[in-house]
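Engineer: From first to last, the protein sequence lines stand for chains A and B.
Using the working numbering, the letters of the first sequence correspond one by one to residues 10 to 242.
Using the working numbering, the letters of the second sequence correspond one by one to residues 4 to 741.
One or more hints might be untrue.
No more than 25 Å apart at the CA atoms, straight line, and that leaves these computed lysine to any residue pairs for SDA-like [to be verified]:
1) Lys263(B) <-> Trp42(A)
2) Lys338(B) <-> Pro77(A)
3) Lys563(B) <-> Arg68(A)
4) Lys452(B) <-> Met222(A)
5) Lys563(B) <-> Thr225(A)
6) Lys338(B) <-> Glu80(A)
7) Lys263(B) <-> Glu37(A)
8) Lys452(B) <-> Arg228(A)
9) Lys570(B) <-> Thr225(A)
10) Lys570(B) <-> Met222(A)
11) Lys338(B) <-> Tyr66(A)
12) Lys328(B) <-> Trp42(A)
13) Lys563(B) <-> Pro77(A)
14) Lys338(B) <-> Glu37(A)
15) Lys215(B) <-> Arg68(A)
16) Lys88(A) <-> Gln144(A)
17) Lys563(B) <-> Glu37(A)
18) Lys452(B) <-> Gly223(A)
Bear in mind the hints are in silico, worked out from the structure with no lab data behind them.
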Amino acid sequence: MKSAVLVFPGINRERDMARALAHVAGREPAMVWHAERDLPAGTDLVVIPGGFSYGDYLRCGAIAARAPIMEAVRAFADKGGLILAVCNGFQIVCEAGLLPGVLMRNAQLRFICRDVYLRVERSDTPFTRGYNAGQVIRVPVAHGEGNYIADGATIARLEGEGRVVFRYASPDGIVDPNWNHNGAMNAIAGIINERGNVLGMMPHPENHVEAAMGCTDGRGLFAGLVDHFKLAA
Amino acid sequence: MISNEPAITPELIAAHGLTPEEYARILKLIGRAPSFTELGIFSAMWNEHCSYKSSKIHLRGLPTKAPWVIQGPGENAGVIDIGDGLAVVFKMESHNHPSYIEPYQGAATGVGGILRDVFTMGARPIACLNALSFGDPNHPKTRHLVAGVVAGIGGYGNSFGVPTVGGEVRFHRRYDGNCLVNAMAVGIAQADRIFYAKATGIGMPIVYLGSKTGRDGIHGATMASAEFGADAEEKRPTVQVGDPFSEKLLLEACLEIMAKGCVIAIQDMGAAGLTCSAVEMGAKGDLGVALELDSVPCRETGMSAYEMMLSESQERMLMVLKPDKEKEAEAIFRKWGLDFAVVGKTTPSKRFVVRHGGTVMADLPIKELGDEAPLYDRAFSATAKLPTIDARAIKPPLGVAAALERLIGSPDLCSRRWVWEQYDHVILGNTVQRPGGDAAVVRINDGPKALALTADVAPRYCEADPFEGGKQAVAEAWRNLTAVGARPLALTDNLNFGNPERPDIMGQFVGCVRGIAEACRALDFPVVSGNVSLYNETNGRAILPTPTIGGVGLLGDFAKSMTLAFKAEGEAILLIGETRGWLGQSLYLREICEREEGAPPPVDLAAERRHGDFVRSLIAEGLVTAVHDISDGGLLVALAEMAMASRIGAVVDGLQDVLAEATPHGFWFGEDQARYVVTAKNAEVIAQRARRANLPLRQIGTTSGRVLAVAGERPLRVADLIHRFEAWLPNYMAASPA
Numbered sequence: 010m011k012s013a014v015l016v017f018p019g020i021n022r023e024r025d026m027a028r029a030l031a032h033v034a035g036r037e038p039a040m041v042w043h044a045e046r047d048l049p050a051g052t053d054l055v056v057i058p059g060g061f062s063y064g065d066y067l068r069c070g071a072i073a074a075r076a077p078i079m080e081a082v083r084a085f086a087d088k089g090g091l092i093l094a095v096c097n098g099f100q101i102v103c104e105a106g107l108l109p110g111v112l113m114r115n116a117q118l119r120f121i122c123r124d125v126y127l128r129v130e131r132s133d134t135p136f137t138r139g140y141n142a143g144q145v146i147r148v149p150v151a152h153g154e155g156n157y158i159a160d161g162a163t164i165a166r167l168e169g170e171g172r173v174v175f176r177y178a179s180p181d182g183i184v185d186p187n188w189n190h191n192g193a194m195n196a197i198a199g200i201i202n203e204r205g206n207v208l209g210m211m212p213h214p215e216n217h218v219e220a221a222m223g224c225t226d227g228r229g230l231f232a233g234l235v236d237h238f239k240l241a242a
Numbered sequence: 004m005i006s007n008e009p010a011i012t013p014e015l016i017a018a019h020g021l022t023p024e025e026y027a028r029i030l031k032l033i034g035r036a037p038s039f040t041e042l043g044i045f046s047a048m049w050n051e052h053c054s055y056k057s058s059k060i061h062l063r064g065l066p067t068k069a070p071w072v073i074q075g076p077g078e079n080a081g082v083i084d085i086g087d088g089l090a091v092v093f094k095m096e097s098h099n100h101p102s103y104i105e106p107y108q109g110a111a112t113g114v115g116g117i118l119r120d121v122f123t124m125g126a127r128p129i130a131c132l133n134a135l136s137f138g139d140p141n142h143p144k145t146r147h148l149v150a151g152v153v154a155g156i157g158g159y160g161n162s163f164g165v166p167t168v169g170g171e172v173r174f175h176r177r178y179d180g181n182c183l184v185n186a187m188a189v190g191i192a193q194a195d196r197i198f199y200a201k202a203t204g205i206g207m208p209i210v211y212l213g214s215k216t217g218r219d220g221i222h223g224a225t226m227a228s229a230e231f232g233a234d235a236e237e238k239r240p241t242v243q244v245g246d247p248f249s250e251k252l253l254l255e256a257c258l259e260i261m262a263k264g265c266v267i268a269i270q271d272m273g274a275a276g277l278t279c280s281a282v283e284m285g286a287k288g289d290l291g292v293a294l295e296l297d298s299v300p301c302r303e304t305g306m307s308a309y310e311m312m313l314s315e316s317q318e319r320m321l322m323v324l325k326p327d328k329e330k331e332a333e334a335i336f337r338k339w340g341l342d343f344a345v346v347g348k349t350t351p352s353k354r355f356v357v358r359h360g361g362t363v364m365a366d367l368p369i370k371e372l373g374d375e376a377p378l379y380d381r382a383f384s385a386t387a388k389l390p391t392i393d394a395r396a397i398k399p400p401l402g403v404a405a406a407l408e409r410l411i412g413s414p415d416l417c418s419r420r421w422v423w424e425q426y427d428h429v430i431l432g433n434t435v436q437r438p439g440g441d442a443a444v445v446r447i448n449d450g451p452k453a454l455a456l457t458a459d460v461a462p463r464y465c466e467a468d469p470f471e472g473g474k475q476a477v478a479e480a481w482r483n484l485t486a487v488g489a490r491p492l493a494l495t496d497n498l499n500f501g502n503p504e505r506p507d508i509m510g511q512f513v514g515c516v517r518g519i520a521e522a523c524r525a526l527d528f529p530v531v532s533g534n535v536s537l538y539n540e541t542n543g544r545a546i547l548p549t550p551t552i553g554g555v556g557l558l559g560d561f562a563k564s565m566t567l568a569f570k571a572e573g574e575a576i577l578l579i580g581e582t583r584g585w586l587g588q589s590l591y592l593r594e595i596c597e598r599e600e601g602a603p604p605p606v607d608l609a610a611e612r613r614h615g616d617f618v619r620s621l622i623a624e625g626l627v628t629a630v631h632d633i634s635d636g637g638l639l640v641a642l643a644e645m646a647m648a649s650r651i652g653a654v655v656d657g658l659q660d661v662l663a664e665a666t667p668h669g670f671w672f673g674e675d676q677a678r679y680v681v682t683a684k685n686a687e688v689i690a691q692r693a694r695r696a697n698l699p700l701r702q703i704g705t706t707s708g709r710v711l712a713v714a715g716e717r718p719l720r721v722a723d724l725i726h727r728f729e730a731w732l733p734n735y736m737a738a739s740p741a
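One chain only, chain A, in its complex shape (with noise of 0.2 Å):
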């Protein structure tokens, strides 16, 4: 699997992604600065990290959404290629189209860091299918702007399309006010584009890879996606 991991300036989980990609893929991604016009050649997944791409300036994600290499990573999408967007990630590929909905400040009105549980909504795409549907993983938030909102068309399209891959939830499972820390609609945690090739999801999968951080839940996204690959070669 070769992967692309975008850098923005103020991205900041680049590292986290490089190591979980490494560590799981075993082998190094490429990092790609926001100004070029091109993706390596044979990348097949690309991954758009957590972070404060341009300090979250104007609207988190706004101005990344714009940046140079997005038309390239627009006509991968369009191609059918995997993107990976992950927390700033969502952010900037809500704000670039290949989305829907937008990411509001946490009804708290807090930034928040902590290990949140998300069922697992559906097993059958390249993203999930590490896990099985149903299942409940452990993973950390650290973000202000989580809360997903859109339309109630929007919404309702989503839903009855199977595109809500991940929601908030329960230690057991059971979707509960009470477990949704940021407030989003339907406690929505991510999402995947019609077409099934784009995954947006605010927690971060990245920092729960190794043992040595107390948890592995978050391996079965990036390893399912290397036997996704392994499967088309």
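For this one, chain A is given, so just place chain B on it according to the hints.
Structural biologist: For chain B alone, coordinates are given in the frame of chain A:
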């Protein structure tokens, strides 16, 4: 000719925080009246914050050397060797005055400043900590300060991309008029690639990098060198505005040009901005500096030389670059979208010359600006000793169970989750132990080595007995590191006190520094960096003396780091150390009996060392399953914390003899020092070792069930304790201001 607008009057001199005697010293030094710009430069260099004029002679008594110390105090940060060709670069610094005036920006720029100190030396920051002191929770300003300071620390550190992994928060009415914000940053560098401020070579270009210069923060350091009166709010314009995005770019750009070998000398622009950084680079290298202010990138038009020299705009650096690498360095800075301008050069003259619009605005002897700053041996009076309080003379107003419930739900002992959840503490993927334990543990690169980090002090002890309090602060930090299994290596100190011109305050300072020095020597725990913050005083009322100690320790293998949570039921609970039931200055006495009285617990440094080394060896050999040092609140609070962290209870019994001697409230809540609680599968092995080493150790109970059951006292469900522990801070912050 040096222009001189406005005229130098006694009022103008006083407004610059200079005394008539200090002004006379300036006249003698330069043989003429200074220009307005020069007066500003002197005020920037000679204020308390930059010159350490009241504290310097006492700081000389601190031990700063050890075989593993690469750089002690005097540079941007301290540097210690941790083997494998790696070094740890770290420092703690206060941002108290600005944080009180404008909590969000004050705290944010405090974090920004300390991060710059660390990466200026060539280190990539891997962790931040902070120690916060706020006023009485019922004071009308406290909630606003807590919310702003915590959001500011998070806002800067989270965006910059460094995990904030630990620290402390306290409340006391003596901080009503002056909150304390002490920020610590820790970085990792190659031991043979440390960068310093010392310029070398004549005619070398001096390069300005980073953000543009604005009118913010002018006189910030002077403001921080005076006490507050009723007009504190009016000082808001002296507070700088932080931009973590620029700082993140500055970090990456600096590390990149350092790796390319472009840098001869580097100094960040912190307190007193361009003045302090340029003078420091020249003075340390025995060189003169000529600055051309027309080249300084400015955010606003029409800035005067005075304003440019005193601006404390953030995220700026000054460097001396290798001339043949200048183009390469410039390309890297342009790539990161940062300003890059040659603003001067080194000269052989040993003069500090500042030109603006073709006019010489300042021409001063560069060495003397720093070296000839006033140095004061201020009068001090020793703090009177307080009587020892006998636990038997204290009538407990509550039973042991009720007292524990109240203590763990009190402002100083309750959970700090509300605070640290606003800090990204997992970014960089190396946080092995998150906030909430005795010390944070952060893996270095991919391991197996890791650092243990802590920040600690008990100001109530320091107020009651500065010497013992200073000792205790060091011992406590050393214990915190030991409790996670680390070997304590070195510390940074952040000394926060009131007005040093008052002999009683100066007495607190001198006593604490002597206590710190004694403990550092006894524990082989040198001071490698630090910061002094004086004049933390409002309307004549000073803060509690607060010498915060930031400790760094090393673990050979992060996988062997120890946590305080009970691990399983049926394990022996062992108490290491002597319990006499010392209630003087305890939280029990303050929170339960509403008395802030007596002598604080004495610190036996030999016992600290013996007990700590013993605990560390037990951890290294895998003989213990949980370790917690006993500090604020005493033994029962420590046991409750171990139970709450694991949701496992304990049965505690067989203590009739000690309870009779120390009294139950003294035994459970006394704050005797040099103590740890450990759990073990096999208690006998440990007991034998303790006997051989002649260490006080006894089994006090067994982990069991979901209830904390102390023989003879009301049993407490761990779930209920957790509820109380977690409730206070969120409830307090959610309540509408009074």
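Engineer: Of the numbered hints stated previously, which ones are contradicted by the structure, given in increasing order?
Structural biologist: The structure conflicts with hints 3, 13, 16 and 17, although it agrees with all the remaining ones.
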